[in-house]
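Enquirer: At position 210 of the sequence shown the residue is numbered 210 (my numbering), and the sequence of numbers has no breaks.
Hints should not be assumed to be uniformly reliable.
Calculated pairs, DSSO-like style, for lysine-lysine (alpha carbon to alpha carbon, straight line, at most 30 Å) [claimed, not checked]:
hint, residue 1, residue 2
1, 81, 95
2, 83, 95
3, 59, 83
4, 74, 59
Simulated restraints, written as ranges between beta carbons of each label pair [stated by the list, open to error]:
hint, residue 1, residue 2, range
5, 8, 64, 30 to 38 Å
6, 204, 179, 17 to 25 Å
7, 202, 175, 51 to 59 Å
8, 22, 81, 28 to 36 Å
9, 85, 7, 25 to 33 Å
10, 87, 30, 53 to 61 Å
11, 202, 158, 45 to 53 Å
12, 78, 58, 29 to 37 Å
13, 91, 175, 19 to 27 Å
14, 65, 7, 30 to 38 Å
15, 15, 75, 28 to 36 Å
Simulated from the structure, these hints should not be mistaken for lab results.
In this text, a Cβ means the ideal position worked out from N, Cα and C, and glycines have one as well.
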Amino acid sequence: MEEREDAWLRNPQSRYLRPDFERYLRPDRDRYLEPHAQDDCLPRHVRFAPATIAREIEKVREQRAMLAEILREKQELAAIKVKLALLRGMRLLLKARSPSDFDPRRSHYNPNQPRVPRGNPDGGEWTAAGGGSGANREGWIQVAQVGAPPGIGHNSGDPPEIPGSRPNDSKERTSYIRSIGEWLVKYGGGLSAIAYLGALNNIEWLKGHQDNIQASVNLPRR
């Protein structure tokens, strides 16, 4: 019923109905009315009878449950969108990388490579193979081959002495490694260099510094 019609009905109701007319109505009056009939025919203060209030409460509960379900579905949709965005980003990154970038051999990782025993200052660090192993000797030979080829006076110049125990000072260790590299630049490339590096192979703390010696050999010279 429209609001103007509702106002038109209230006028005769206020004129011809007693203010306490509810006293003369049956408690079960809703049974004799069609659905929602009392919402259209009775005054406003009668419309909200107990049964009507119960229906309104049920409607509010249904609406709240529906809103909660919609909110939950929106949250699930937002989570799915975030996952899709992450997958798209990963797909773009994979497209930008070449297949060779994912080759595990490029990382030079060897799970069987030994580590320095626990209790040593460098305990847990990766180290080269044990003394006298073929792989370790090949690495030292490759370092020796980067030196200058033998020439006149090649045998002159004694190789630097390296202590058998690992120096505690990092600068001191670096100084020994550089001295080895400088000697190889001057006198390396021959049998004497291979023999010298074979002796270095027996020094435990140098076994993991082949790359450092190689780098010191490749340093630019003035």
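Enquirer: So, for every hint listed, does it hold in this structure?
Expert: Hint check results:
1. 81 - 95: Distance ~21 Å between residue 81 and residue 95 Cα, so the pair holds.
2. 83 - 95: holds (18 Å)
3. 59 - 83: Answer violated: residue 59 to residue 83 is near 36 Å, above 30 Å.
4. 74 - 59: holds (22 Å)
5. 8 - 64: 30 to 38 Å: The hint (30 to 38 Å, Cβ to Cβ) holds, given that residue 8 and residue 64 are roughly 35 Å apart.
6. 204 - 179: 17 to 25 Å: holds (18 Å)
7. 202 - 175: 51 to 59 Å: Between residue 202 and residue 175, where Cβ atoms are some 20 Å apart, the hint is violated.
8. 22 - 81: 28 to 36 Å: The hinted range 28 to 36 Å is violated for residue 22 and residue 81, with Cβ atoms some 56 Å apart.
9. 85 - 7: 25 to 33 Å: violated (56 Å)
10. 87 - 30: 53 to 61 Å: Roughly 58 Å apart at Cβ, these two residues keep to the hinted range, so it holds.
11. 202 - 158: 45 to 53 Å: About 18 Å separates the Cβ atoms of residue 202 and residue 158, which means 45 to 53 Å is violated.
12. 78 - 58: 29 to 37 Å: Taking Cβ atoms as reference, residue 78 and residue 58 lie about 31 Å apart, which means the hint holds.
13. 91 - 175: 19 to 27 Å: violated (50 Å)
14. 65 - 7: 30 to 38 Å: Cβ of residue 65 to Cβ of residue 7: about 35 Å, so the range 30 to 38 Å holds.
15. 15 - 75: 28 to 36 Å: violated (56 Å)
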